[in-house]
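Here is what each chain is made of, one letter per residue.
Protein chains: 2
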Amino acid sequence: MNQEYIKPDSWSIIEEGFERERVKSSESLFSIGNGAMGQRANFEEKYSGDTFQGSYIAGVYYPDKTRVGWWKNGYPEYFAKVLNAPNWIGIDVFIEGEALDLATCKVVKDFRRELNMKEGWYRRSFTAFTPNEVELAVKVTRFLSLDLDEIGAIKYEIKPLNTDVEITALPYLDSGITNEDSNWDDKFWSTTNLISEGKQAFIEASTMKTNFATCTFMRTKLFLNKKEIDRDPASVQQDELSIGHSYVQKVKKGEAFEIHKFGGYVVDTNHKKEALVPAAKSALKTASDLGFDALLELQKEAWNKIWEMSDITIEGDIKAQQGIRFNIFQLNQTYSGKDSRLNIGPKGFTGEKYGGSTYWDTEAYCIPFYMATKDQGVARNLLEYRFNHLEKAIENAEKLGFSNGAALYPMVTMNGEECHNEWEITFEEIHRNGAIAFAIYNYYRFTGDYSYIPEMGLEVLIGIARFWQQRATLSEKRNKYVILGVTGPNEYENNVNNNWYTNYLAKWCIDYAVEQLQKVKDGYPDDYDRIIGKTKLTDSEKSKWMKVAAKMYFPYSKEKEVFLQQDGFLDKELISVADLPKSERPINQKWSWDRILRSPYIKQGDVLQGFYFFEEHFTTEELGKHFDFYEPFTVHESSLSPCLHSIQAAKLNRMEQAYVFYLRTSRLDLDDYNKEVEEGLHITSMAGTWMSIVEGFGGMRIVDDKLSFAPKIPRQWNAYSFKVNFRKRILKINVSHDESKFELDGKEEMSIRVNGKKVVLTPREEVIVKK
Amino acid sequence: MNQEYIKPDSWSIIEEGFERERVKSSESLFSIGNGAMGQRANFEEKYSGDTFQGSYIAGVYYPDKTRVGWWKNGYPEYFAKVLNAPNWIGIDVFIEGEALDLATCKVVKDFRRELNMKEGWYRRSFTAFTPNEVELAVKVTRFLSLDLDEIGAIKYEIKPLNTDVEITALPYLDSGITNEDSNWDDKFWSTTNLISEGKQAFIEASTMKTNFATCTFMRTKLFLNKKEIDRDPASVQQDELSIGHSYVQKVKKGEAFEIHKFGGYVVDTNHKKEALVPAAKSALKTASDLGFDALLELQKEAWNKIWEMSDITIEGDIKAQQGIRFNIFQLNQTYSGKDSRLNIGPKGFTGEKYGGSTYWDTEAYCIPFYMATKDQGVARNLLEYRFNHLEKAIENAEKLGFSNGAALYPMVTMNGEECHNEWEITFEEIHRNGAIAFAIYNYYRFTGDYSYIPEMGLEVLIGIARFWQQRATLSEKRNKYVILGVTGPNEYENNVNNNWYTNYLAKWCIDYAVEQLQKVKDGYPDDYDRIIGKTKLTDSEKSKWMKVAAKMYFPYSKEKEVFLQQDGFLDKELISVADLPKSERPINQKWSWDRILRSPYIKQGDVLQGFYFFEEHFTTEELGKHFDFYEPFTVHESSLSPCLHSIQAAKLNRMEQAYVFYLRTSRLDLDDYNKEVEEGLHITSMAGTWMSIVEGFGGMRIVDDKLSFAPKIPRQWNAYSFKVNFRKRILKINVSHDESKFELDGKEEMSIRVNGKKVVLTPREEVIVKK
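Protein chains in written order, with numbering that gives the first Met the number 0: chain A, 0 to 770; chain B, 0 to 770.
Among the hints, a few may not be true.
Just so you know, same-sequence chains aren't split out, so a pair can sit in one copy or run between any two.
[Said to hold, decoys possible] Below are the BS3-like pairs computed for lysine-lysine, each with C-alpha atoms no more than 25 Å apart in a straight line:
(1) Lys-559 - Lys-476
(2) Lys-117 - Lys-318
(3) Lys-557 - Lys-541
(4) Lys-756 - Lys-280
(5) Lys-557 - Lys-479
(6) Lys-674 - Lys-71
Calculated from the structure, these hints are not laboratory results. Bear in mind that the values here come from a model prediction, so they are computed numbers and not experimental data.
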């Protein structure tokens, strides 16, 4: 744990007191988003202290030049990254001509931030004593509308406390912004048009190279003591990149002056390029006609609906409660599932690192959350995203020398093209391909919706199977197929041979593709013919795949009775993490890379990732053996690691351990375990936190096409509850130390399993299973 | 082969005809150097075509910022690189006010370059028809003085052929230069002082960050029809970074106008910083008093002396003759051995790539050449260079987590600090440490000068032995010491376990260090006590070393009867290079890095490098087996590869193969095999070419402390000869198809072995050994 300033609260994230060193961390923690755009918790008014400005538009990225030491063939030329977009939130405030700036105020007291997760808004309030001796109470409420997802709204309230003052408010738009994470100080935006029209303003700007055309817009309403002042700006301050509207108002001591600002973005991915300004005007009119308060009511309703389905309650442990809600809130802020062109960046809309791009995190960690808490169309959209990128994945594989439609999905992508450039990751961390196939399997297993496979998924599976067959090498020595030169999920090993997880997944992908080919052939002959026609798959090729799958090599130690993470793992010096001096950790900050590589330490579960995906292939005893062997070497220096270990520890009835892992995953950002929250939040691992409760403590699985639970509860909690949307039926589960309660909606009975026993649920009748 | 425009000639490199596309290649090939500075063959007068300007000062470097994707702990922050230094060669020429520029002349005929290797000068001549209709004959001769190594001299002769003209000559100095290979467009030089005094000018400039203070200087003499015109410049053209002296001269048709320019650098590594201008004046006075022609005579004598000792003659194969002389010439241009602070950059003074830094090339490839063709002090200077860097090598190892005086020499260095930043090289290509120990062994073996070891070498050996002991890991599984996570000489494998060459060298280093400890203890007890006191080496530590050496693991295949390049090598798909389509080669241009890594292809000999170093540890049959196994997978995409294979092929009596490898190594740059000569020459591999003849064809070895030969000759040659300086005795060897002749200088007899038989040589009496 690295910080403790966030107040425990079951529904809100709260900071009290103004400390300049915390500003950047809080800018991350209090970020807001609505799936279409995101906004770090930057101040509206001028702030001359240290800050990290970030406004992001989903799907709008820039191809920054690849930066690399020695160039390797096959590297992508560009590294796509999410862009800091033009600023729409800015409102400069001048008190008697002097700029309000928390960094220069004589006193700032009662500073408070609240991110109200229940209702989906962010509020900042403070009392400031300005250099020119004015005492002001300020309260700013901001949200990004879930309903009107091109719209954000700000209510900026100022009350002079000790004197009458003249306040100048300057709401503005600014496209002269920079990116923190830029490689080459390139200009990212080209501003093409600035329009000021009464209380409204518009900046049209396009991204360089990618040519996304956007319009950033604003409209202002003023109120004095809740009464609207209908007035055009006193003056317009415009330069090449920005427009500000100046409003001057005399405000008496004790009076409340409010600036309501509506703003946001429209993008040519959703509108015609030439119709951006009209689209912006229309969005502004809707918002402005509704007004801030009505729009906020809609926001509360929308979030209420989300929580209705996705909330997890925890009784008796407020920090755990706050943690899980923060995770669920951020996941919903990041991805709404409406748009299959979008995906879930590891930092969502809260920072620039990892470029806002798509990783295998989506398939391995995020899909279960969205499947169970949303309409199944959301998860299907995530699968479609990869289907839409299949051609690019085939091109990507071709660049690396594969042929005949073999597909290698990129490690990191925005538009389907690879945009990561470290050889040991880009070229070698190929297990990502398997996670994409697994997600198809997982989607059907959970939703029962087979239609994706004949419509789209089978082509993806064929491309992936082709890749694995071509990527494997027949070792004459072993008379087995080996997979050489890979990096597994544990990125603390590079360029290893026969990473067990990769080999296992490769074999499974081929087996699964073959099985689905038969199933589609039998059940969807037209789709089958179309796909075979398109992919030109022959029986002889398929038999090549099957040979590879049948003769895949798996490193195993007879002595230890475990599968080996890779060839040669037992040559390492096997000192457990517990025996490492604390001062040497985290090893990624303390050790040189070569030392990390030749050590046995595991950044995130690797063999155990395989045991997670394919739990039913192994006995609990085998899981225990592998967990006992690998967990002691796991340093969890990836945010994706503890959740998986929490689930497996729970399965193994090691609840103390499971709870420790759970806390670490759920409050990773709130408590800033990795000392980097100022760079943004770890969004994708938040889905893992959800899994820790539902799959870990709740023991939820699909067994024989039915939901199954094995509820457990950490001793620190009194009770917890969650809901799942299983095949359009909503099931609520409530677990306490003595019993579990199950309640189903809908009209028909449904049978589930609890601790291995069949339980029949009748709608709206709570079933209690005693411990 | 990529080009063929260099005319075959036994003593000169000649280009005829002006082709703009060849300018940059020729700028490399016609480079001149004198160990202290170097100069690409850039034109003196203005040239508006494509060119790569390069003037270099030995030992003057700049720490360019490291450029890397994902930062790894332990990376150096800076990448030292040789700097393009201020230009001293420039002479702008104006004909009736119009600049002479070969890129804009109406006609350029009789263009010819000659690099006269015998005498050490470079000449360029041409007839130009200028845009303003003047026909001019120009001849420019340039050299960097070996005797006055701060001085370069240019004789620029212009003869108008069709009319009387006014010629303005503007010799200049310019510190406003840029580097091609700069990462960040940083300014590298800070110009502090410009002085113009009569015919002389001086620019004082310091490198940024490293603060090398330099003075670049010039002095001009003019001649008309060989008669000196003693005249100060008509005007001085000076700005912030440059000084030009304008001389205006009416020249009648047929008259010869000559500009003699003396220039160069003095540096604060050799002079007091405040005395640079006086030092420059003194150097200029000496040069100018001597005059161009006398200085050139000294140059010829100096080169004559070099050739006297280091020439290799080849009869009946002019291209092979030209190739070997070009190699010997360049090695002598690059490193004179006078200064133990200097070393041999892979591109010498001919380009910027590889930063002009020191690699293991010096110890593995260059030392034998300098040992055999120079006074032994030269090789000793190269060893001292590493001794002087021992503290930095210890710091470098500490950065990577080693302790107690373990030393890891840098992969690339200027001043002893590591300055390379790819983890798989910097952190893992640790075999370089072994080459440094081997060079100590090799130096003593060849020169018989043991004094280096007690004085300096033993400390180096202790630091290296400590490193290997700490770097090895006890594999409980094998009950052997393994070395995990390394890159061998074959850089087409990264992060492998138990690279045979590395393991073998590690064991040998420890054994050798232990042996030398005993020898120094016995023979040099005072040195021993000093060194033990300083290094605090204990018997218990030494016994730890010995345990590692005794239980070192060597991967071996019983079936193939060869040592394996690394663990798992036999899992690869073993298709020989000959069976690869030509279109796929060179693989480093055609294949992605992952494909290269999982292939069996070898960039340069790896196991065979070990067989080269430790030939006497193995039988010829074993060499043959390993050569037969590995050679078919070797793609020789490193310039250091073919020479070693040539030597081993010769040893195995495979002379056709040896000859092919020889040609490839000796004309690598002249024929531009790798399509990159414009970036500079491959200097360090040129020493390998010398070895190919002396050790390969001549079969020279040291056996039982005596010189031994096994002369062979390619069928394409009539005869060849070389000389070696063996322990201060000069021996000349002449080999033809029927016989070998040996001739010794000095006063005493010396016995050698020829084809295994003892031969006693009497000074100045040729001994003929018949085939």
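A quick look at each hint next to the structure:
no. : hint              : result
1   : Lys-559 - Lys-476 : both (24 Å within a copy, 11 Å between copies)
2   : Lys-117 - Lys-318 : within (16 Å within a copy, 83 Å between copies)
3   : Lys-557 - Lys-541 : neither (33 Å within a copy, 36 Å between copies)
4   : Lys-756 - Lys-280 : neither (59 Å within a copy, 100 Å between copies)
5   : Lys-557 - Lys-479 : both (18 Å within a copy, 19 Å between copies)
6   : Lys-674 - Lys-71  : between (33 Å within a copy, 17 Å between copies)
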